[in-house]
Structures are given as structure tokens and as C-alpha cells.
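Q: Residue numbers (my numbering), protein chains in the order written: chain P, 14 to 239; chain L, 13 to 77.
Hints should not be assumed to be uniformly reliable.
[Stated by the list, open to error] Here are some of the chain P residues that sit facing chain L, going by a computed Cβ distance under 7 Å:
id, residue
1, Ala108
2, Gly170
3, Gln185
[Claimed, not checked] Computed spacing ranges between beta-carbons, pair by pair:
id, chain 1, residue 1, chain 2, residue 2, range
4, P, Met83, L, Pro22, 15 to 25 Å
5, L, Glu55, P, Asn117, 16 to 26 Å
6, P, Gly215, L, Gly49, 44 to 54 Å
7, P, Gly124, L, Glu58, 43 to 53 Å
8, P, Asp120, L, Pro22, 19 to 29 Å
9, L, Glu65, P, Gln189, 29 to 39 Å
10, L, Met13, P, Leu112, 41 to 51 Å
Calculated directly from the structure, the hints in this document are not laboratory data.
Every residue gets a Cβ at the ideal spot worked out from N, C-alpha and C, and that includes glycine.
Residue-level listing of the chains:
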Amino acid sequence: MKRYLRNHDAISETEQSRLAEKHVLVVGCGGLGGMLIECLARIGVGHLRVVDGDLFDETNLNRQLLSSTMNLNRPKTLAAQQRVMAVNPLVKVEAFQTLLTEENAGDLLFGCDVALDALDNIPARLLLQQAAKAANIPLVHAAVAGWIGQVCVIQPGQDLLNLLYPNSNEMQGEEQESGTLSFTAAVTASWQAAETVKLLLGKSGLEGEVLQIDLLTSSVNKVKLI
Amino acid sequence: MITVNTEAYPWHSGMTVRSLLDEKVFTFRHIIVRVNGEYVPEEDYENFAIQDEDEVVVLHLMAGG
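Looking at chain P on its own, in the form it has when it is part of the complex (with noise of 0.2 Å):
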């Protein structure tokens, strides 16, 4: 299939075709999560489900990709589906127009082989931790502020963000200053992306630790957690 022909070799034949059998769950439809699922879908992961209760408004702009200005006012969940039926439509799309909650993170990460983190808040972060921690599948975290950015890979149990997020009432950090900005979300959620592509191959990455960009300082850390 001329789809997939740039994969190759770095994603291997017998690789795509199982690529395209992986569920992934992204909850958060906005700065990260528009960059992943755009990336995910082009790599040709198979079945994608999307999770965000909000509407795109105008400060979405500066950097989230499935946002325009045609779209203000409208689910961001629906712009993820229509963004991959655009793209690649052999990739399924199921979209939940809602915010993540106890009551309803078990069935959405049912039959699920990752959840990725590309919500906007602590609280919410830490609940999706929980309940993949509950379906025993991992969890890829990634946040953004400003000009920084970082992204984790979690295994069932490890609960690293805990560690990242000690005070659990705290809602936001940096980015409350800083803002968020177009460049590290991409940057940010590509990394995420990766990251995931290579947790549903099997491939080694990032373990126990998380990974530290600063687009300011043009440096990449990678800091020990467990």
C-alpha cells in the first residue's frame, strides 16, 4: 500500500500490520492531543478513541492543529474525527464529547492498549493514571508550559505522576505564567507519539524516567524517577 511506503523500513511490514490492529485512547483534543492523534493516525494506528468535553474558542488558535477558524464553537471531538477521516480513512474513530470522570474512565479505556495523557490539569491527569493503572495498561503522560515540555511513560503501578504532581490539590503549574505555545505542543505530542509507537511494537523507551524538553535552551534531559 503506497500509504505507508515512507514508514519503511523505520516501521517494518509485519510492524504496520500490527500498528493497525492498536487501540489508543487520547483524552484531550486540544494542544498535544491534536498534534498526537494527527500523528497516530498518519502512522496508521488503527483504531483511535477520542475523549474531550470542551469546544474550540479563540485562544485555541495560536496552537492547537485541529483548531481554525472555521470551527470556533464546535466539539474539538468532532474535528479529531473529521481531521482523520481526512487524513487516513482506515483508521476508526470513535468520539466521546465528554470530560473524563470516575464514573465513566473505565469504559472508555475498555479494550484500550495505551491511554495518553494530553489533558490540560492535574486533577484529571492524575484520574487517568488511576484508571489505567485499574484496565492494567500504560499510560503515556505528556504537559507543556510555555517554552518547556515533558513526557513520561507509565507503567501499570509505577505512578509517576505522583511523583511529577505531589500536591494533588494544585490544579495547573507553569503554564498558568507562561502559557502554551504552538511549537512545544508539537514538538511535545510528536515525542508522546513516538513513545507510543514504539510501546505498541515492543521497542524500548523511555523507562522510569521523564523526558525534559526546553525549547528556550535548545536542551533534552532525560531525569531518573524510580
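Since chain P is already given, all that's left is putting chain L on it; use the hints.
A: Just chain L now, kept in the frame of chain P:
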């Protein structure tokens, strides 16, 4: 010598979390500090002594998406 994230950094007598953050010019308002795996709350930065050979991790606290 101590380790700060992945780098070796010279230790000196009287070093605290606060003095280290000042020396390293960690100016972000939202950070997480761990010394030998132990989380150090912000209110303890002034008095938390760093010993020679300690492993210090300083992370940005970020949650934007």
C-alpha cells in the same frame, strides 16, 4: 560533589535547597524538588540542608496541554 538532575555540581558547606536553586538560577515559580528521592515542600527550601553526594532532582511543574 552532588548531582542535580543529570549533572555533577560542586557541593559546599551550608548548601540548602534555596541556595542551590539561587546558584543554579532556577527562576520558574512552579518547580518540584526531590533530594535522594524525598519530596521537599517549598516551605522547607530555606532550611533543608543538602549534603555532599546528595542526588537532587529539580523538575518544572507543568500541566498544560
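Q: Hints first: check each against the structure and report whether it holds.
A: Here is how each hint holds up against the structure:
For alanine 108 of chain P, the suggested interface contact is broken, since its CB lies about 17 Å from the closest CB of chain L, more than 7 Å. The beta carbon of glycine 170 of chain P is not positioned within 7 Å of any beta carbon in chain L (closest approach about 17 Å), and the interface hint is therefore violated. Against a cut-off of 7 Å between C-beta atoms, the interface hint on glutamine 185 of chain P holds, since the closest Cβ of chain L lies about 5 Å away. A C-beta distance of roughly 56 Å is found between methionine 83 of chain P and proline 22 of chain L, which places it outside the suggested range of 15 to 25 Å.
Distance hint check for glutamate 55 of chain L and asparagine 117 of chain P: the Cβ-Cβ separation is about 37 Å, which falls outside the suggested range of 16 to 26 Å. Taking the beta carbon of each, glycine 215 of chain P and glycine 49 of chain L are about 30 Å apart, not inside 44 to 54 Å as hinted. Restraint check, glycine 124 of chain P to glutamate 58 of chain L: a C-beta distance of roughly 50 Å satisfies the suggested window 43 to 53 Å. Distance hint check for aspartate 120 of chain P and proline 22 of chain L: the Cβ-Cβ separation is about 54 Å, which falls outside the suggested range of 19 to 29 Å.
One distance hint, 29 to 39 Å for the beta-carbon pair glutamate 65 of chain L and glutamine 189 of chain P, holds here, with the actual separation near 35 Å. For methionine 13 of chain L and leucine 112 of chain P, the Cβ-Cβ distance of about 47 Å falls inside the hinted range of 41 to 51 Å, so the restraint holds.
In this structure, the earlier hints numbered 1, 2, 4, 5, 6 and 8 are contradicted, and the remaining ones agree with it.
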